[in-house]
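Participant: These protein sequence lines map, in sequence, to chains A and B.
Residues 1 to 188 in the UniProt record's numbering are what the first sequence spells out, letter by letter.
Residues 1 to 188 in the UniProt record's numbering are what the second sequence spells out, letter by letter.
Hints are computed from structural coordinates only; laboratory data are not their basis.
Quick caveat, the model's predicted, so the values are computed rather than measured.
Be aware that a few hints might be false.
Claimed, not checked - Listed below are several chain B residues computed to face chain A (Cβ distance under 7 angstroms; list not exhaustive):
no.	residue
1	S101
2	L104
3	L149
4	L153
5	M160
6	Q166
7	E176
8	A185
As the list claims (entries may be wrong) - Derived coverage of chain A by chain B (criterion: at least 3 residues anywhere in the stretch with Cβ under 8 angstroms from a Cβ of chain B; other residues may be distant):
no.	region
9	152-158
10	164-171
Said to hold, decoys possible - Derived coverage of chain A by chain B (criterion: at least 3 residues anywhere in the stretch with Cβ under 8 angstroms from a Cβ of chain B; other residues may be distant):
no.	region
11	58-66
12	94-106
13	175-186
We treat Cβ as the ideally placed atom computed from N, Cα and C, and that holds for glycine.
What follows is each chain in one-letter form.
Protein chains: 2
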Amino acid sequence: MPDGRGPRRAQEIFTATLELLTELGYDGLTVEGVAARSGVNKTTLYRWWPSKDALLGAALLDARIFELSIPDTGSLRGDLESLLRQVNRLLTGAKTGAIASAALSAALHRPELATVLGAFFGDRLSQELPIFDRARARGELPDGTDPRLLMDLLGGALWMRALIRQEAPKPAFVREIVDVVLRGAAVA
Amino acid sequence: MPDGRGPRRAQEIFTATLELLTELGYDGLTVEGVAARSGVNKTTLYRWWPSKDALLGAALLDARIFELSIPDTGSLRGDLESLLRQVNRLLTGAKTGAIASAALSAALHRPELATVLGAFFGDRLSQELPIFDRARARGELPDGTDPRLLMDLLGGALWMRALIRQEAPKPAFVREIVDVVLRGAAVA
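Isolated chain A (complex conformation) (with noise of 0.2 angstroms):
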């Protein structure tokens, strides 16, 4: 990993960590287990992460298959679309769907791995930032808009349908949420 938050063989070990995650759930999932998958030496994964909650919360933070790319399409409605199809995939794909689904479920029950979510969206929510910035520059936002506030309402519309209600979403559910935001939102 270029900034020596993982040993070199990092992203294999993360695979190897949220595989098992998905296969066995989070009571099954071991270090022992990932150095098998893995190949890396059971003392290496310990001297990188103490507990299983600290290499599954590295898996989680680091994994190369949540990447998003972030999009700079000229404005926020091709900005966003392109975004939240991402996230769409993402949630929908049958392996990383299975691994966003397995990841969450052991945040809610672990409070250990509490925190990791928090800092896996506030990563994203970084990210994502200059979409916003780029907007209100080009007058498509009033200033005082909260990017959280609508990046909740749309990235939690998609996880409600996705995840919770067990439905994957339409292209155009995308379009529609959209839609309503960015209409809500302009008219601050």
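With chain A's structure known, arrange chain B on it following the hints.
Facilitator: Chain B only, in chain A's frame:
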């Protein structure tokens, strides 16, 4: 239960089920444990619910602890704010929040329970529909408005902030999300 969906002491059984889910997690929950906690014979429980998942599903769907009082304040804004303040209290209350968290965790962990989540939110929505019918009758919403889309935005924002970001939404948050969504929905 008046509708005959359970034995006489159903609410005590559901309370014991949800308490044990919260204390022990899904894997620690057993029909035997519910029998011991509720003082209801194990064979009685199995007569009504053939499995742990069936019992947990019934508890999530029919526990009075999650009941909402559907408001009729005379305005869509008043109704939505009242409804969402109740949801916020459920999600952030010490006991109800822990149950909601454990229930969502369990449902995400067990595909067998996913349909329970769908049924739970479907039932909620059908209770909420009169709010939107009255709003259309008063001319507060265009005819084509989809209540589910609006509730996914509003409920999703609360679940996102309270359970996923793990921050208790302040009372102002409810007003702010209703502001954005009502402005966005009214100008359709």
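Participant: For each hint, tell me whether it holds in the structure or not.
Facilitator: Hints, verified against the model:
1. A distance limit of 7 angstroms between C-beta atoms decides the matter here; for S101(B) the minimum to chain A is near 5 angstroms, and the interface restraint holds.
2. The beta carbon of L104(B) comes within 6 angstroms of a beta carbon in chain A, closer than 7 angstroms, and the hint placing it at the interface holds.
3. Proximity of L149(B) to chain A holds as hinted, the smallest CB-CB distance being about 6 angstroms (cut-off 7 angstroms).
4. The closest approach between the C-beta of L153(B) and any C-beta of chain A is roughly 5 angstroms, which is under the 7 angstroms cut-off, so the hint is satisfied.
5. Hint status for M160(B): holds, given a least beta-carbon distance of 3 angstroms to chain A, under 7 angstroms.
6. The criterion of a C-beta within 7 angstroms of any C-beta in chain A is met by Q166(B), whose closest approach is roughly 5 angstroms, and the hint holds.
7. Hint on E176(B) holds. Least Cβ distance to chain A is approximately 6 angstroms, under the 7 angstroms limit.
8. For A185(B), the interface hint holds, since its Cβ comes within 7 angstroms of a Cβ in chain A; the closest pair sits about 6 angstroms apart.
9. Residues of the region 152-158 of chain A with a Cβ under 8 angstroms from some Cβ of chain B number 7, which satisfies the need for three, so the listed coverage holds.
10. Beta-carbon proximity to chain B at under 8 angstroms applies to 4 residues in the region 164-171 of chain A; the threshold of 3 is reached and the given coverage holds.
11. Residue count for the region 58-66 of chain A with a Cβ under 8 angstroms from a Cβ of chain B: 0. That is fewer than the three needed, and the coverage hint is violated.
12. Three residues within the 8 angstroms Cβ limit are the bar, and the region 94-106 of chain A against chain B gives 5, so the coverage statement holds.
13. For the region 175-186 of chain A, the proposed coverage by chain B is satisfied: 9 residues have a C-beta within less than 8 angstroms of a C-beta in that chain, meeting the threshold of three.
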